[in-house]
Amino acid sequence: MGLLDRLDDPYEGGGIILGKVEDLLNWGRSKSDWYLHFGLACCAIEFMAMNASHFDFMRFGTIPRTSPRQADFIMVTGTVTFKMADRIKILYEQMAEPKYVISVGSCSNCGGPYWEHGYHVLKGVDRIIPVDVYIPGCPPRPEAFEEGMMLLQKKISHQAIFNKRKRLESEV
Amino acid sequence: MLPNEIYDTLKTEFGDAVIEYNDQQPTDSFILIGADNLFDICHTLRDKDAFLFDYLMCLTAMDLGENVGVVYHLYSMTHKHRLVLKVTAPKTDPKIPSVEMIWRTADWHEREAFDLIGVNFEGHRNLIRILCPYDWEGHALRKDYVAPEYYHNMKVSY
Chain A
1 MGLLDRLDDP YEGGGIILGK VEDLLNWGRS KSDWYLHFGL ACCAIEFMAM
51 NASHFDFMRF GTIPRTSPRQ ADFIMVTGTV TFKMADRIKI LYEQMAEPKY
101 VISVGSCSNC GGPYWEHGYH VLKGVDRIIP VDVYIPGCPP RPEAFEEGMM
151 LLQKKISHQA IFNKRKRLES EV
Chain B
173 MLPNEIYDTL KTEFGDAVIE YNDQQPTDSF ILIGADNLFD ICHTLRDKDA
223 FLFDYLMCLT AMDLGENVGV VYHLYSMTHK HRLVLKVTAP KTDPKIPSVE
273 MIWRTADWHE REAFDLIGVN FEGHRNLIRI LCPYDWEGHA LRKDYVAPEY
323 YHNMKVSY
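The listed protein sequences correspond, in order, to chains A and B. Heads up: the first sequence begins at 1 in my numbering, then just goes up one per residue. Heads up: the second sequence begins at 173 in my numbering, then just goes up one per residue.
There may be inaccurate statements among the hints.
To be verified - Taking lysine-lysine pairs in the DSS-like style, the calculated list, with each CA pair at most 27 Å apart, reads:
no. : chain 1 : residue 1 : chain 2 : residue 2
1   : B       : K315      : B       : K263
2   : A       : K89       : B       : K327
3   : A       : K99       : B       : K327
4   : A       : K83       : B       : K252
5   : B       : K252      : B       : K183
Keep in mind that the hints were calculated from the coordinates and are not lab data.
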């Protein structure tokens, strides 16, 4: 899918790998995503298990950051209330491009159990910020977090550097 | 002391301000008191040697239809006895004296009751919303509450 596949090719004697700059940069970007964690409800408890040694989220190259200015993506795990929605929007706007959003769990995907009578819950975080990957579940299992993280890495590694919305031809 | 003994003692001291004693419920027996003398009665309950209710376990509010009600669960660390007080006020003008000066626990509990039910605690020194945003309109746990259509340009309904 990218640069690493070409390591299998026999470049004998030269020690040279031919490839595109975008592949190299995307390889680096997708394997070192730092994230701003928004733990809002029980999904954040599941995310603690994901961060602990059994599932080891950091093997994806992710590092939790406390500042939006250092983060590559924002992880919204839990119920987004209207009071918190204003804050999420501000923090998302403070992040530097390119920036991504993972929405975890039914609550931040679509309102979850609060969809009908929840006067205080935003019915999906995608109503205020653009979401790249949705992870379903209530709460999702750690395996679902892994799947979501791999989807985000796949998405990043197929993007043109200077145009986030344009996809490279190499995408399957 | 048992709740009925506390009721008798309060009745002799405060007369008609103590309205009734109810032990017919499957829950804890409670004393219904008038809102006007609530502060004095609570002060007596905390400081009189026979009572010494130094711990307000819980303060909560209810929507009773015509009225709003506030419930106080008290406990005495010294005498190991407990008591339930109830107060009601009309929904059109729900004024109830604050006990925030007596038990500091009541500070946040009364703010929550004000936020969600709309009980106006008179004498509270900082009666502002605690859960909903400060610019929220209405009191959300009232039975006749209708959620707004939009909040800060975000649609509320699904």
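Hint-by-hint comparison with the structure:
Annotation: proposed proximity of K315 of chain B to K263 of chain B holds, straight-line Cα distance about 11 Å (limit 27 Å). Taken as a hint, the K89 of chain A and K327 of chain B pair is honoured in the structure, with Cα atoms around 15 Å apart against an allowance of 27 Å. Proposed proximity of K99 of chain A and K327 of chain B is supported: the alpha carbons are some 25 Å apart, at most 27 Å. Straight-line distance between C-alpha atoms of K83 of chain A and K252 of chain B comes to about 41 Å, which puts the hinted pair past the 27 Å bound.
The straight-line distance between the Cα atoms of K252 of chain B and K183 of chain B is roughly 22 Å, inside the 27 Å bound, and the hint therefore holds.
The structure is inconsistent with hint 4 alone, although it conforms to all the rest.
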